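Line order of the protein sequences matches chains A and B.
Heads up: the first sequence begins at 1 in my numbering, then just goes up one per residue.
Heads up: the second sequence begins at 1 in my numbering, then just goes up one per residue.
By construction, these hints were calculated from the structure, which means they are not laboratory data.
Derived coverage of chain B by chain A (criterion: at least 3 residues anywhere in the stretch with Cβ under 8 Å from a Cβ of chain A; other residues may be distant):
#1 73 to 82
#2 85 to 97
#3 206 to 220
#4 232 to 240
#5 261 to 270
#6 277 to 285
#7 495 to 508
The structure presented is a predicted model; accordingly, all values stated were derived computationally and were not measured.
Ideal Cβ positions, reconstructed from N, Cα and C, are used throughout, including at glycine.
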Amino acid sequence: MAIDQNDDHLAILNDPSFQTLLSKRSRLRWSLSIFLSATYLGYGLLGVYFPDVMARPFFGTAMPWVMFMGYLIILLSIVLSIAYIRLVNNLILERDSDTGAAD
Amino acid sequence: MGALNVTAAFIFIAFVAVSLYITYWAANRTRSAGEFYTAGGKITGFQNGLALAGDFMSAATFLGLTGLIFIGGTDAMLFTAGIAVGWALILFVLADRLRNLGKYTFADVVAFRLHSRKLRVLAAAGTLTVAIPYLIAQMVGAGSLIETLFGLPYYVAVLIVGTLMTVYVVFGGMLATTWVQVIKAVLLLSGGSALLVLTLAQFGFDLGAMFERAAEVHPRGQAIFKPGLMLKDPISVISLGLAFLLGTAGLPHVLMRFFTVPDGRQARRSIGFAVVFIGYFQAAVVLIGFGAVALLSGETEYVDSAGRIAGGANMVSIHLSRLVGGEAFFGFMSAVAFATILAVVSGILLSASASVAHDVYARVIRKGQISDNKEVQVSRIATVVIGATAIALSLLVKDINVGVLSTFALAIAASVNFPAIFLSLFWRGLTTRGAVVGGITGLAVVVTLSVLSPTFWVQVLGHETAIYPYAYPTLFSVLAAFFVTMLVSKLDRSPRAELDRKGYDEQLVKSELG
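Extracted from the complex, chain A is given alone in its bound form:
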């Protein structure tokens, strides 16, 4: 939290363990974001192009497909969020033990 000296951040930036953390986090961030947004927008478009199919009851239940899939997306958002938090916390722990630095 110190007032940033110029060399300080450059040293951290060029540190390999920091670079690993950055690239792993950004891969995780963008793959989850793109996957989830695409799933959701695709779901919306299914409703536009195949409304009749989406209105059909989901196997053996009275719940229509459109609702069942909507619920799956809510569940997916929750599951991916929890997974993301775990993974990021682990990545940060890994780096801390690499550098031996306590923040």
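Using the hints, position chain B against chain A.
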């Protein structure tokens, strides 16, 4: 209806008493600017998760969504799923970076490496154009709700809500606002769950029976399960989807909550809890909505033969509470709905006054030359002025369509605030000039398209056909904002642009490590 419900009055008075006590308790702990704006950064991830969920579970999501299902059937699923996805995206993309870079407002983050004063003016414009319509939408909704529930005149109801929210914020700052929000979130989650259980019990907990009955009694029959009652074309669907995916991440009162936790780890945790609470609640609301279709249709006391709902579409969950839970439960849910609005408006008011006092007054007008005490004093004055303005405007626009107003606010959040925050965090090339020109473009496109859209051009101004045929402007306004911001940044050869790009490395390290 109209007659005083004893349970409702009792629970509501109890809520007000508890919240005023919390405000009194918080007032003694709210002296510095940091305490006023962000409760000193001492809120835990769990508390903040509840408060975040509370910020979003507004009257619009609880009351509005059940009404929407009643009218638009399963199209409402696009709203509920979009909300859950939007919150997950905030976690992936923004949460801990915001915490690590900012202090009190999201402008702190955008101004980290860009020209501070210019960006703060833009951010303040983005905050106020989101906060004030949102505030008015909630207060008008509250006024009509109380008018129907307690038989109080509209202006009395608006004055009560407006005065209470101002008192919470002026004296208790973020600490009181957070606790009011936490209590309300617990009330709403438990009230909603109870309503769900009572509703399902009417069908012997057989979902199939509930859906069958809903299709039998609704005037549209099986069509309520078919997507497309409200949203027929791909552009409307994607525009609406983008408003949820990106708009939530541009709401100033939501963004401000990240500064109330101690570090990035707690920021991630708070969103984790928020996603769980919000996802659960949205899922429950959909079932409650279809339960309402099944139970209320045909009950002439609540829905007339033309399918019009007594007291308006926002009253669906309230009517349902009475039908399945009797007078006492109806009173409880009415009081919870009122508490919900009260808590949400307090959070919005706080973010608006923080923007005026911290961004505009302390940083732009006084250029940072201001004592802590003085800044808190200015925030309190700003709170009273904005609170009074919101009350006055709400009294003037009683008949405004609340849904239109909140969608407009969400579109501005997605098109002005979000592109600036996102590009400042992830694109080295962003320059001050690009952010300012892009932000103004986003704002202009939202306002223009909203005026030309069917909701305003046809329904408000009474023209025959809309010039812009789609219901939501977000798709075009977000694209325009991103495109112009990036183009102007690319072409920017000024010395300032050099500094802006150079600052990225330092920002990147700090955003990751705090």
